[in-house]
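Number of protein chains: 2
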Amino acid sequence: MPEIQRLDSRYTTFWDELDRLLAWESVADHDVRAIVDEILAAVRSEGDAALLRYTARFDRLTVAQPSELEVPAARLQAALDGLPAAQRDALQTAAGRIRRYAERQRLQDWQIEDPDGTVLGQRVTPLDSVGLYVPGGKAAYPSSVLMNAIPAKVAGVRLLVMVVPAPGGELNELVLAAAAVAGVDRVFTIGGAQAVAALAHGTATIPAVDKIVGPGNIYVAAAKREVFGTVGIDMIAGPSEILVVCDGQTDPDWIAADLFSQAEHDEQAQAILVSPDSAFLDRVQQAMERLLEEMPRAEIIRTSLDRRGALIRVHDLDEAVRVANHIAPEHLELSVAEPQALLDAGLRHAGAIFMGRYTSEAVGDYCAGPNHVLPTSRTARFSSPLGVYDFQKRSSIIACSPEGAAALARTASVLARGEGLVAHARSAEMRGE
Amino acid sequence: MPEIQRLDSRYTTFWDELDRLLAWESVADHDVRAIVDEILAAVRSEGDAALLRYTARFDRLTVAQPSELEVPAARLQAALDGLPAAQRDALQTAAGRIRRYAERQRLQDWQIEDPDGTVLGQRVTPLDSVGLYVPGGKAAYPSSVLMNAIPAKVAGVRLLVMVVPAPGGELNELVLAAAAVAGVDRVFTIGGAQAVAALAHGTATIPAVDKIVGPGNIYVAAAKREVFGTVGIDMIAGPSEILVVCDGQTDPDWIAADLFSQAEHDEQAQAILVSPDSAFLDRVQQAMERLLEEMPRAEIIRTSLDRRGALIRVHDLDEAVRVANHIAPEHLELSVAEPQALLDAGLRHAGAIFMGRYTSEAVGDYCAGPNHVLPTSRTARFSSPLGVYDFQKRSSIIACSPEGAAALARTASVLARGEGLVAHARSAEMRGE
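Chain order of the listed sequences is U and C. Take the first sequence: its position 158, counted from the start at 1, is 158 in our numbering, and no numbers get skipped. If you want our numbering, it's the 1-based position in the second sequence plus 1000.
In short, the hints are calculated from the structure, not lab data. Note that the Cβ used here is the ideal one computed from N, Cα and C, for glycine as well. A hint or two may mislead.
Here chain C is said to cover these stretches of chain U; the calculated rule only asks that three of the stretch's residues, wherever they fall, bring their Cβ under 8 Å from a Cβ of chain C [to be verified]:
id, stretch
1, 114–126
2, 254–264
3, 340–350
4, 400–409
5, 418–427
Incomplete in silico selection of chain C near chain U, CB under 8 Å [claimed, not checked]:
id, residue
6, Q1087
7, G1364
8, A1409
Isolated chain U, as found in the complex (with noise of 0.2 Å):
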């Protein structure tokens, strides 16, 4: 039986002790920073020696040729024809939702024209190459493939490199097949700090790449977090968390197996649910104990529901919509008879919003469509979905007409003056003289 804890917001320390439940801190310490400095800097000068020696020494792989890491794509069809027609059409069916709803994401080019005949506006390009991380070992998700491949090909990158550990050589059939699925255009069996750093500064096996997205450890993060710039980056996850907002009127198990869903994930996972109905509470405690003794993943459940999981009771269905704006969840679900009612009452901060009670995070995590790469840690506050348009940039277009160029001029030379920045006033000004 799990021992979740119990808040009430009755209690003047409410807010404090949802802090604490909260609290999580990704910063990778000293140590980790040291060791993936001298990856990143080792990668960097020596190139493909060092790769080899680091998947060698930490994936206990060797390969006698660097090209040997290079999967073929002959490899990643096999897997997907291997596999049972059932997980087969699954990961097509999955596949097609998540391109149809990433279709409808893409950026597009508008303009507009001063009465002068001067033209402003935003072209948009998708970047030209992106490196996927994908963990290998017991987190390697097929579904994570897809979610970040399939928006990758669909804003119109040209390649999309993958690369996922294969410890000791072995590697997942599921996420391979998910590979072919999604057109990813070349894998390679590296991960860790040292396949950062190879997609970051390319050696003369991996190709250079203009991002990197994908989940990882805290060495894959601690290097995200240092090559950004020189690549982009996507944000740096922190463990799962889901927060169900119910009115006490949906069924007991479905909220149990929903919160189980998230607890499943790791030891770190978070699950929350709040509710004004405190014998609701109760009942879904009650149905927790009962389903748990179902689910092959039971130890990670009982863990992360005692560390890091909670039931609150709030006076009403505003103050849940307070309590779910404070923590920014990566998911929402809104396990209620008007879920409109709570957006409407001001509810913004979450990831993914799940409205109503039909709708399981599971859903949403697999094939609904949405992206299932989601801001975690409250990041949600001012963070979004990975999507189309993390893999399209914008560039300001300005076309001045001569006339344009003239009006333009005289309120830009006053400004640069005052800035004391006389060349950019004599630019202007000449095209007006």
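Place chain C on chain U using the hints.
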């Protein structure tokens, strides 16, 4: 006379020389990182006390009460009212154009619906609060206040907090006036890593914000990199750059002034001209020699052109496009008869593109409308101008109908079980039973 470097794409060493010209490392060294770590930890644990201590030490500004660090709104308005009419009008004209462009950029909600009634969508909301770092001293630019603050207010940010160091108590009237014009909500006279720490973690006096934007010195940049994750940040900016592509038919004085307008920013700024016409490169060099004498910042211009400037002769405009894509410049002037033809020929990496002979970078810096906060140091390969979208975030929306939940559960269940996540499978399946 600037000793500006000449490159020629006919030589086999050209691309290597170009890379050496572009090389610039933003990475803070170990000493900077250690100082910044100490400041961040002190402000986080001691709050206002540490903030006052560092402000006294680094900015020679001692106040009796932390509340004296705030600049009252009336002081901002007085600064605006006290300006000469021409400056006030120019600020307001620029602000109006920046605002109009920003309004066009606002992201919008959208929804799509499946035949079975399941709705998928994207919801857009503004960030609650943003911190704007404005450098004090020689780089105190009112235009930078407008460019950072206006998109945030257009996005709907309710609390926009500006910090600006006041060395020895000195403040720039134009900067305060620009804050009034842009609608900044609160202003504090703090700077350095201690200001970044205060904005990221909050103190009794300084409100914690969700994102920190704006340029700063190496300590500010290192502090922003450290707090990234706790709050959002914009890009870490490198030195400013311009690349001018010219067919040889523009007045050489105009091009010389354009190169100067970049070079006068600071000694690290980079100004590069590319043309297939080597006689034109000579004429621009002669124009620079002649015009340099009129420039108050001639010493800075000379140093930056000596160190980092270049005149590059290419075979034709197609090769100029390849050079431009490799450089991915912050500012790209297409001073040619048909600028659109270069875009159509595959030109795709640049922060802002200035189209045609009449469009100087300087009008873009101040008042054309598009933002002057742009990706530097080749980061235009993967990032975009600052915009309204940087102050908005998206939440994915999933609302399953009962039929939709059942259909999606079949796919989710197969994939979840393939990943060994049975709680995910059960959570989805229960809705379909």
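Next item on the list: Go through the numbered hints given earlier and state which of them the structure violates, listing their numbers in rising order.
Entry: Violated hints: none at all, because every hint is consistent with the structure.
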